[in-house]
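A.B. asks: First to last, the sequence lines map onto chains H and U.
For the first sequence, the UniProt record's numbering assigns the number 1 to the initial residue and increments by one for each residue that follows.
For the second sequence, the UniProt record's numbering assigns the number 1 to the initial residue and increments by one for each residue that follows.
Any given hint could be a false lead.
Unchecked claim - Derived contacts from chain H toward chain U, CB cut-off under 10 Å, selection only:
| id | residue |
| --- | --- |
| 1 | 66 |
| 2 | 67 |
| 3 | 228 |
| 4 | 313 |
Said to hold, decoys possible - Straight-line distance between alpha carbons at most 27 Å, and here's what the computed DSS-like set of lysine-lysine pairs gives:
| id | chain 1 | residue 1 | chain 2 | residue 2 |
| --- | --- | --- | --- | --- |
| 5 | H | 31 | H | 87 |
| 6 | H | 240 | U | 102 |
| 7 | U | 78 | U | 128 |
| 8 | U | 120 | H | 240 |
| 9 | U | 78 | U | 114 |
| 10 | U | 102 | U | 164 |
| 11 | H | 240 | U | 114 |
| 12 | U | 102 | H | 309 |
| 13 | U | 164 | H | 240 |
| 14 | U | 78 | U | 102 |
By construction, these hints were calculated from the structure, which means they are not laboratory data.
C-beta atoms are modelled at their ideal positions from N, C-alpha and C, and glycine is treated no differently.
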Amino acid sequence: MQTPSNRWLGHGLYLVIMAALIAGIYFSGQKINYTWHWERLWPYVINTEPQDIIAQTDGTAVVSASGQLSITPDYGGAPQVVPDYDKLVARDGDLIFQGDTIARIEGWRFGPIAEGLWVTIEISFLSLIFSILLGVVFGLMRVAHGQVWRNLAVTYVEIIRGTPLLVQIFIVYFFIGTVFDLDRFTAGVAALSIFTGAYVAEIVRGGIQSVPPGQMEAARSLGMNYAQAMAYVVMPQAIKRTLPPLAGQFINLIKDSSLVSVISITDLTKAGREVVSGSFAPFEVWFTVAALYLVVTGGLSWAIQRLEKRLAASD
Amino acid sequence: MTNQAQKQVLIAARDVNKIFENGCHALKNVSLDIHRGEVVVIIGPSGSGKSTFLRTLNQLETISSGHIKIDGIDLVDKNTNINKLREEVGMVFQSFNLFPHKTALGNVMLAPLKVLKRDKAEVEQEAKDLLYRVGLHDRMQSYPSRLSGGQQQRVAIARSLAMKPKALLFDEPTSALDPEMVGEVLDVMKGLAKEGMTMVVVTHEMGFAREVADRVVFMEEGELVLEESPERFFNSEHPRLQRFLGQVL
Ligand SMILES: Nc1ncnc2c1ncn2[C@@H]1O[C@H](COP(=O)(O)OP(=O)(O)OP(=O)(O)O)[C@@H](O)[C@H]1O
Ligand SMILES: [Mg+2]
């Protein structure tokens, strides 16, 4: 039995240990003479500085009646059209040299880290949806009566689980992606969905098989066909049992999504790599990236726990 | 059973054989007619094929040879819609098999809603009436995990009745119950019998057989050994039956 005073002692001790760990990180930074520059990181997350728009060629500024700015190059070629700006710097007819600031955009914009985070969320979300679809279909095939279905499902699951995700990403991108002319993003989502779908299929199969056979029999004896019995009786119970392992699998999915940076998708990890070389603040960047992954995975865990609580009403 | 309509055969099993994949010969040339409105009780030792026989009657188990006709329609015929036939023959299981994710009311309503695609308000009213009939009007919103075994089995009976079956099959409906709950389930079954429901009941409750059955059937080792009215059955000198009754009574 845990007494209340014991519990508080435990919490206190935990805080002390955590403080020691954080201090440890801080002092190890000092030991290697690392100067922390958290402020350098900020513009890469959200950029509040006005953005300069730079002339790309030497030429003449032209401001049309509707206010659109363009640069007509001196030596021919297509004019540089500025689609959107807040403040003009160049005036109509000005002589412009390459590299001049011709206009500014004010207000804030997302920096590369925020954009990378968004890409990671997008890829993970789409892959999650498709992996659930794949997982349910192949999970159902795995327990189907037809031997063909079962064989097909086993083949899929074994091939995917037996090969590394990184290799699968390359195969999807370079082989399937070339055959079907997929862009990077689609290829990334496809690879992650196919990979995670195999694990989801096994989880779904386990969930279905954990529902006592009497449930199917009761449903069938009430006149339901196989599909109705699955949909209204077996699956609702199976899903409840699969939620905890599914949560783990989807958290893995979010983390695995960092591997798509190998096919040049600028997700959170790739953005981190790029920002490190621009900001010279590697520790801050990687700690931030890790924290952001933690926020996304934590959010998903929380959402699934909520769902579990709601489904627990009948226990 | 003087009425001509009651003499009409509802379920006809002819020379039914069931051999499981593992070679177990569970039913050997079983033939039995069940008339409309009749209560047939099946008794026999464990492993004698009672459950298997019941399960073949609504095709939870396929048969290896022979014929089963429900209301004149052959189950073995390829053109028969088995789901449709299952609607007409309800089944009550030893382990209740209520749907744990649905309330008592939800359990009763599910099949009429999804299979018959009937109007919800109507189905709900009927389901409430059925639960009232089995004495559970105050537990409609309870989930099965909150119900006693006897209550669960009564919900299961109401659930089967919701499909308005022509016959109900009971596979040891009281065997998983604590003794004090057996009575409440048997009372519901007696009520059904009185209302003229066709019932096939596998049970070890000899009292129920004596009191309610129109016919009692004794099975042993996959064979239908004896088929008699209760009075004659329990006074029978049949040696195999004597041996069995000697063991249970
Ligand atoms: N799915 C199956 N596969 C193989 N053999 C089976 C299967 N189901 C039942 N059997 C066998 O068939 C025989 C009859 O079983 P059944 O369940 O019908 O007996 P029962 O009379 O209902 O017994 P009990 O009183 O124990 O319920 C037994 O020998 C059993 O082992
Ligand atoms: Mg049995």
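A.B. asks: Against the structure, test the hints numbered earlier, and report the numbers of the ones violated in rising order.
C.D. replies: 1, 2, 5, 7, 13 and 14
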